[in-house]
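The chain contents come next:
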Amino acid sequence: MEKLFHQYIKKKQRFVLVSVICIFLFYFSLPLSLIFFPQLMKNNKDFHIFFAWGYAFLQFFMTWFIGWVYTRKAKYWDELLERMKQEEKR
Amino acid sequence: MNITYFLFFICIVVCTLIITYWAAKKSNTTSQFYTAAGSLTGTQNGLAIAGDYISAASFLGIIGAIALYGYDGFLYSIGFLVSYLIVLLLVAEPIHHLGKFSLGDVICARFPSTKMRWMMAVSSFIISILYLIPQLVAAGLLIRLLLDINYTASVLVIGSLMTIYVAFGGMLATSWVQIIKTIVLLGGVFLLSLIVFSRIQWNISDLIQRVEEGTVWGEKYFLAGQLFDSPIEIISLSLALILGTAGLPHILIRMYTVRDTTEVRRSILTATWIIGSFYFMTLIIGFGAVAFIGYQRLFDVDSTGNLAAPLLAQELGGDFLLAFISAIAFTTIVAVVAGLVISATTAFSHDIYHHIIKKGNSTEQEQLKAAQWTALAIGIIAVLFALGLENVNVTFLVSLTFTVAASSNFPVLLFTLYWKRFNETGAIAGMICGLITSLMLLLLGPHVMDPNVGWIKREAFHSLYNPGIFAIPAGFLSAIIGSFFAKPEPHDVFWRFYQKAHTGADAGRDEK
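If you read the sequences in order, they're chains A and B. Under my numbering, the first sequence has 36 at position 36, and the numbering climbs by one with no breaks. Under my numbering, the second sequence has 176 at position 176, and the numbering climbs by one with no breaks.
It is worth saying that the hints were derived from the structure and are not from the lab. C-beta: ideal position from N, C-alpha, C; glycine also. You may find that some hints are simply not true.
[What the hints assert, rightly or not] The calculated lysine-lysine pairs, modelled on DSS-like cross-linking and capped at a C-alpha distance of 30 Å, are:
no.	chain 1	residue 1	chain 2	residue 2
1	A	K73	A	K89
2	A	K89	A	K45
3	B	K26	A	K12
4	B	K487	A	K11
5	A	K89	B	K420
[To be verified] Derived coverage of chain B by chain A (criterion: at least 3 residues anywhere in the stretch with Cβ under 8 Å from a Cβ of chain A; other residues may be distant):
no.	stretch
6	141-150
7	263-274
8	306-318
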């Protein structure tokens, strides 16, 4: 049973680790782009609004999206964990 | 003070006192007092988290920063919001699984010693108080400006209310005050945003044009660089904002107020939707303020821009709307300070009184009494400090609390939950070093040391207004180095803790 718990935690942690790395990359690329690519961030010809604003708004949607995906995943993990606990009882 | 202001003000005070009376009848156990016995739903807790989090600095400060400096002001909102993903993914569920009332419970589930309990209590206490006192000072100044009551009376009223909510109603009253505050606040900013849009006939191009005319920056208003001119300052602030929330005790103890991890996740997801929507609306209000009032008038009335929202309300809806927005600002402040008082109270009465002084042997009634007296004492101390600091600029401490939390609590919490090699020596080293480094950088920085306006009239030792870029790595590094000076725990001890932290399956080492 302990092996199953191990696998369960490993699976969950892998998802969390990948998500956290993505969040950090996406989040810090905004201030870094403002510093290193100011011309790109000032571009408003291709997107109708300044790229800096578009990217800032995307951070909001990224937060809601990852929060939603994690909640869905976690629901599945909870069910998996519950099944494992039931099997252990038997 | 005119009669409209007075009626709104009385209405809020009466409503919140009724809630406190109702909660007081229920708060007769420690579990009720500290965590509302986990009785909140995820949605209610999400509203309460938003209420706990959106301070006067967020409501008035960010609108002001956007109105005066455009894009740079909005960077704060992004950091505040994204930080909730770190809370959700890394710490929220383990905290719910391991702790009972305080953040100290979580760390002591792995390192159960008096030393560790002291460290956690002191750090939670310092962070909560560091956040509480400037909020009270800012509140006193703001209420004086908005309602024309003198500073002492403002601080006394807010201080008394927060103490009454916590001492009598505990977490239940605090939570419901915060829930109502969030609903009223969202309603208020939504209304103000609608009025802004209706004034420009829903034509966004017209709003942008008016903004460009109203600001002194012209088109540059919509680009970065008006508030932060140094790249290192932007990175440092971004780092403190994204990691700070996951170290704030008054937010983290809210994970105990729901019954299970499904509700914990729902709480945070709800909070991100509310906080995100709120920040979208602050953008509209900030633009509206500079479009309808103009940079110069905003700056002349208050150079920090804190009065941008009330001024816009007066411009668009006259005295009535101003009274309504002022009442919202007042509710915002009392809800946040009440959350901070309960967090400081828990650190003292649960960690220090119950666990250290009484060695875990006090009765329910003794604990409850201690908690109520602690809340009263904290209320009095905070009010006395706020009264003494009337003429001292302490509002910068609000944003710097994120740096302190991210460099002390967060590294210790993260390593405790995830790192096998971590041990008590590392935890204590990380906590002390993170706390001292962040406080020292703050004391030696330009906020405190300035030849003209600083507390210390000398040149600052460094020029960073946001020292997180040095303080946060210092906290992490000292925790890592400290860990290598002591032996790691045996594998099975760590595994039992790890299993409990991440699955809730009790391995029998530490009962909640």
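Here is how each hint holds up against the structure:
Our distance criterion of 30 Å between C-alpha atoms is met by K73(A) and K89(A), whose separation comes to about 25 Å. Taken as a hint, the K89(A) and K45(A) pair is broken in the structure, with Cα atoms around 63 Å apart against an allowance of 30 Å. Straight-line distance between C-alpha atoms of K26(B) and K12(A) comes to about 38 Å, which puts the hinted pair past the 30 Å bound. For the suggested pair K487(B) and K11(A), the alpha carbons sit about 28 Å apart, so the restraint of at most 30 Å is met.
For the hint linking K89(A) to K420(B), the alpha-carbon distance of about 28 Å falls within 30 Å, and the restraint holds. For the stretch 141-150 of chain B, the proposed coverage by chain A is not satisfied: 0 residues have a C-beta within less than 8 Å of a C-beta in that chain, short of the threshold of three. Residue count for the stretch 263-274 of chain B with a Cβ under 8 Å from a Cβ of chain A: 6. That meets the three needed, and the coverage hint holds. Counting residues of the stretch 306-318 of chain B whose beta carbon lies closer than 8 Å to any beta carbon of chain A gives 0, which falls short of the minimum of three for the stated coverage.
When the structure is compared with the earlier hints, violations turn up for hints 2, 3, 6, 8 and for no others.
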